[in-house]
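**Student:** Residue numbers (numbering that gives the first Met the number 0): 0 to 96.
To be clear, the hints were calculated from the coordinates, so they are not data collected in a lab. Hints are not guaranteed to be accurate.
Unchecked claim - Within a straight-line C-alpha distance of at most 16 angstroms, the following computed EDC-like cross-link-like pairs (lysine to aspartate or glutamate) qualify: (1) LYS35 to GLU94; (2) LYS35 to ASP11; (3) LYS67 to GLU34; (4) LYS35 to GLU76; (5) LYS61 to GLU95; (6) LYS92 to GLU59; (7) LYS87 to GLU69; (8) LYS35 to GLU9; (9) LYS7 to GLU95; (10) LYS67 to GLU94.
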Amino acid sequence: MIYHITTKEEIDKSLISGSLSAPSLQTEGFIHTCEKEQIQGVIDRYYAGHTGLFLLHIDETKLSAMVKYELAPSVNEMFPHIFGVINKDAVVKVEEL
0 MIYHITTKEE IDKSLISGSL SAPSLQTEGF IHTCEKEQIQ GVIDRYYAGH TGLFLLHIDE
60 TKLSAMVKYE LAPSVNEMFP HIFGVINKDA VVKVEEL
């Protein structure tokens, strides 16, 4: 299982398109995700003070797009990156943060 933090707006867009994207797919070529033990660190580093966030629980074996684990040098950890949109059937749970 991998996890993606997103907004209600992105979730609403996915209901129309049938898949979920993120701004980073356009700017960096992939969607940022993390493993369970990395969630709190990601929230602390990038989402402190934000409200209206959701955590997608993603079964990476059901993803249509490629997942590649890459090093984030700033924290010296490997993170899963999704190189394409997240197909809805790969999302097994949506949790409000």
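**Student:** Indicate, hint by hint, whether the structure satisfies it.
**Tutor:** We went through each hint and held it up to the structure:
no. : hint           : verdict
1   : LYS35 to GLU94 : holds (13 angstroms)
2   : LYS35 to ASP11 : violated (24 angstroms)
3   : LYS67 to GLU34 : holds (13 angstroms)
4   : LYS35 to GLU76 : holds (13 angstroms)
5   : LYS61 to GLU95 : violated (22 angstroms)
6   : LYS92 to GLU59 : holds (13 angstroms)
7   : LYS87 to GLU69 : violated (24 angstroms)
8   : LYS35 to GLU9  : violated (21 angstroms)
9   : LYS7 to GLU95  : holds (9 angstroms)
10  : LYS67 to GLU94 : violated (24 angstroms)
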